[in-house]
Amino acid sequence: MNLDFRRRVLSAAVTGFCGLSILLALIPLGLIFFFVISQGIRALNFEFFTNMPQPVGEPGGGMANAIVGSLIVTGIGAIFAIPVGILCGVYAAEYAGSRLASAVRFAADTLNGVPSIVIGVFIYSLVVLPIRQFTAVAGGVALGVMMIPIIARSTEELLLLVPSGLREASLALGATRGRAMFSVILPAAFPGIVTGIMLALARIAGETAPLLFTALNNRFFSTRLDQPISTLTVQVYTYANSPYEDWHRQAWAGALVLVSIVLLCSLFARVATRRLERLQVGR
Amino acid sequence: MSSTRLPFRLGGDLSFRIFTGFFALLLIVIVVAIGAELWRNSLLSIQKFGFNFWATRIWDPVAGEFGALPFIWGTLYSAILALVLSTPVALGIAVFLSEMAPGWARQPLVFLTELLAAIPSIVYGVWGAFVLAPWVRSLQVHMPDALRATPFFSGPPLGYGMLAAGLILSVMVIPYSASVAREVLKAVPLAQREAAYALGATRWEAIRAALFFARTGIVGAVMLGFGRALGETMAVTMVIGNNPQVSWSLNAPQYTMAAVIANEFTEAADDLYLNALVEIGLVLFAITLVINMCSRLLIMSMTRSPKAKVQAEAPVLPEPKAA
Amino acid sequence: MKSLVTMSRRGALTLLVAAASVLGVSAQNVQINGAGATFPNPIYSKWFAEYNKLHPTVAINYQSIGSGAGIRQITNQTVFFGATDGPMTNDQLQGAPGKILHFPTVLGAVVPIYNIEGVNQELKFTGPALADIFLGKITKWNDPAIAKANPGVNLPATDITVAHRSDGSGTSYIWVDFLAKVSPEWKQRVGVATSVNWPTGVGAKGNEGVSGLVKQTPGAIGYVELIYALQNKISYGSVQNAAGEFVKASVQAVTAAAAVAAKSMPKDFRVSITNAPGQGVYPVSSFTWLLLYENPKDKAQAKIFVEFLKWALTDGQKFATELGYAPLPEEVVKLEMAVIPQIKL
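The listed protein sequences derive, respectively, from chains V, W and Y. Going by the working numbering, the first residue of the first sequence is number 1, and it counts up by one from there. Going by the working numbering, the first residue of the second sequence is number 1, and it counts up by one from there. Going by the working numbering, the first residue of the third sequence is number 1, and it counts up by one from there.
Simulated from the structure, these hints should not be mistaken for lab results. Treat the hints with caution; some may be incorrect.
Said to hold, decoys possible - FRET-style restraints, in silico, Cβ to Cβ:
{"hint": "1", "chain 1": "Y", "residue 1": "145", "chain 2": "V", "residue 2": "42", "range": "43 to 49 Å"}
{"hint": "2", "chain 1": "W", "residue 1": "22", "chain 2": "V", "residue 2": "12", "range": "34 to 40 Å"}
{"hint": "3", "chain 1": "W", "residue 1": "48", "chain 2": "V", "residue 2": "60", "range": "26 to 32 Å"}
To be verified - A few chain V residues facing chain Y, derived, Cβ under 8 Å:
{"hint": "4", "residue": "54"}
{"hint": "5", "residue": "129"}
{"hint": "6", "residue": "130"}
{"hint": "7", "residue": "134"}
{"hint": "8", "residue": "135"}
{"hint": "9", "residue": "227"}
{"hint": "10", "residue": "243"}
{"hint": "11", "residue": "244"}
As the list claims (entries may be wrong) - If you want the footprint, here are the derived chain Y segments under chain W, 3+ residues with CB under 8 Å:
{"hint": "12", "stretch": "67-73"}
{"hint": "13", "stretch": "152-166"}
{"hint": "14", "stretch": "206-214"}
{"hint": "15", "stretch": "239-247"}
Every residue gets a Cβ at the ideal spot worked out from N, C-alpha and C, and that includes glycine.
Let's have the full structure, built from the sequences with the hints guiding it.
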């Protein structure tokens, strides 16, 4: 029948399109990776991970301080953003009808659209200017602020999708809303929440602008929270804007390391949550 | 076990609400504070230009004349272009990963699409400047004259311009929309799809039913991507040509709000200039607010129809054991 | 067995150092923070590293976030010293909580780079021709204004694509400062600043962006710091100076420009040396300055930094040439040394 045929052709076309979409996404990914790897692999050696930056022309320059600094600053951001983001998402999901919940959703979407440099300037006037000091903490807070909306929105979306039967069952057993949330519903939505956290981390891992006016940068090794600290992104940015081939290659190597770190974290999180998923009953 | 003799649970629901409500309030306070800081630091410019700031095309730091129109145009044009290009692809990916991918390929493919989000924006920018822009340029050079005559493709082939910016933004946005859309689709109860198949639907029609069920989540996913596109700075500024002009042409170099702030903020030493730049940030903030409001109204209208309300409140059937 | 002991000792030591650095208990290490111009970043990073080798307890951390940002940070006192390619204006100086001194450190040059298919020779540009190109009045490479200065070169009728900086920068400042001196129309229409309303062209980010754009776009012209053209092996042209000669940028030609200025150097060293008079002078040259408070709050850091400054103006100058900068002429160094005691330690 004609109608039947058309419907089936349409269905096949859509299926084909979906397959094509994956290719369309993977092509630039492959191209970019090839580009970064081919540019950076020459500078990626053991010294890169262990040495401090050297002035141009001197061999053996590395980004050890930047790698450590990035981990510290991202860690501060995560410590600040993960609880805040998740609890925001929890409120928005639990009390979905209330005005505060609508306001939170609105605020999160707005914050998501604020350019990173504006957030950097905001934290600068809030944290750096009053104490007249660039600090690692300021950088961490700036990154954290950027992470919150992504974590909050994805947590909320995921919590809303947990079958209400689960929630009702735990409430029926006498749990308070809090206990129902923390013991039953959050764990059920956990894998999706971890995806949200990973997305947020990936988002800020490559950010330069919010760090420029908060953590500044540091040529020397420093783990002090109250001093400027070196980060991979700012270091890569500085080197990329310089005229020297040697520094360019180090910039690419730095970008490669950055992407690899995010990749590894993402992989780790994925494996961990799959294990957890299997442990959950009924999944 | 609660052993209180009070008529309501003191240590339970109320404290939970207050506890989580505090953090919700914190987020709102942060956003309001950003708006307030933007306002405070752009007063000089607001007082001087008023609402004309939104309509003026001139951006002259030496003469002290500032107008935001070219940047508003460029931001909206590039972000909408990115959405148009990325949404079908992102949805396609989400559908593929949740419905069609063979089991062994699912996790690796999910991983790869999320990898797109892990690439730092500066890497996108440099790749865009050195690989994408020349490719776009060769595309423009070989464009048939008939297309070249239209207002969308007029102008010399530079490579740098709105088209390159739209392309690179769409690639950057895809992982965000795709991930959230995929999670949302994954959570659509199997019963929905099975009901569709039972009624004789083709694969696409069953997927369409699932998409409809998850439509509010999908709008949320698209909004997440849109927000990302509006605020992206580094990658855009390296391919868009940074020329503050208002043009329909995809070939023309243009400028976005985030890009001009990033480019000129560190060097803006006099107060009016700085205030004008911060006011651009304020304008971007306001535009994000407006777009959010519109999408919220869109979602509300999607769930307001009585049929939708019934669907949204219908009890969900328990999942079958075989998963 | 021995290796195990060494390993554990080394491990314990690493732990101790790590703990100490985290707790901030450092062995009398002084860290001085500064920020500003991107242009001198390579030479400054060399200087601070060399100085750290000579004085291991002194760590001077310089970040190149831009001249304007450097001025802002020193005004806000979030850094100890600033650096700028364009001297502070009177308004900016008045806005600071204390008197700020300018100290020229090295010299640099900005050169015109171009990419024309079929043209491998070095081109000569007059000042007015460059201004008219950047004003958008000259649009083709075979325009008589360019051809006149380049007899014998077969210039094609290609369109000129102008590449300029999208980000505010000292390099732009030096370039437009020169254009304003050789073209009254530029001075009146566009003016001089680190960011201007470019009449035409495509904006690229950083010297890197401009050189990348020019390399990829046939018919493009741009301006970058000399060091970028040298490092990336891009062809750059010579520019006509005030004496009528066409001079290609070189260390000697740039130092010559400064030597001329030394004769009439203002007390605060805020001077522009573009289009300087004299023979063998490269007309698009400039000083770059360090900014310091006359009465700094942190006396301990001030003492250390003043010693560094004296070193940079004398021993440090020998590192300039190999990195593409021109050293300061003797006369200027003498003048600066006389001002240094003004800093209240």
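Comparing the hints with the structure gives:
1. Judged by the Cβ atoms, the range 43 to 49 Å given for residue 145 (chain Y) and residue 42 (chain V) holds: they are separated by roughly 44 Å.
2. A beta carbon spacing of about 53 Å between residue 22 (chain W) and residue 12 (chain V) contradicts the range 34 to 40 Å that was offered as a hint.
3. Against the hinted window of 26 to 32 Å, the Cβ-Cβ separation of residue 48 (chain W) and residue 60 (chain V) comes to about 53 Å, which falls outside the hint.
4. A distance limit of 8 Å between C-beta atoms decides the matter here; for residue 54 (chain V) the minimum to chain Y is near 7 Å, and the interface restraint holds.
5. Restraint check, residue 129 (chain V) versus chain Y: the minimum CB separation of about 6 Å is within 8 Å; hint holds.
6. At about 10 Å, the closest approach between the beta carbon of residue 130 (chain V) and any beta carbon in chain Y exceeds 8 Å, and the interface hint on this residue is violated.
7. Checking residue 134 (chain V) against chain Y: minimum C-beta separation of about 6 Å stays under 8 Å; hint holds.
8. Interface restraint check for residue 135 (chain V): the shortest CB-CB distance to chain Y comes to about 10 Å, outside 8 Å, so the restraint is violated.
9. Interface restraint check: residue 227 (chain V) against chain Y, minimum CB-CB distance 7 Å, threshold 8 Å, status holds.
10. At its closest, the beta carbon of residue 243 (chain V) sits 4 Å from a beta carbon of chain Y; the interface hint therefore holds under the 8 Å criterion.
11. Taking 8 Å as the C-beta cut-off, the interface hint given for residue 244 (chain V) holds, the closest approach to chain Y being about 6 Å.
12. Interface restraint, the stretch 67-73 of chain Y with chain W: holds (5 residues with C-beta to C-beta distance below 8 Å; minimum three).
13. Taking a C-beta to C-beta cut-off of 8 Å, the stretch 152-166 of chain Y contributes 3 residues in contact with chain W, enough for the three needed, and the coverage statement holds.
14. Beta-carbon proximity to chain W at under 8 Å applies to 3 residues in the stretch 206-214 of chain Y; the threshold of 3 is reached and the given coverage holds.
15. Requiring three or more residues with a Cβ within less than 8 Å of a Cβ of chain W, the coverage given for the stretch 239-247 of chain Y is violated, as only 0 such residues are present.
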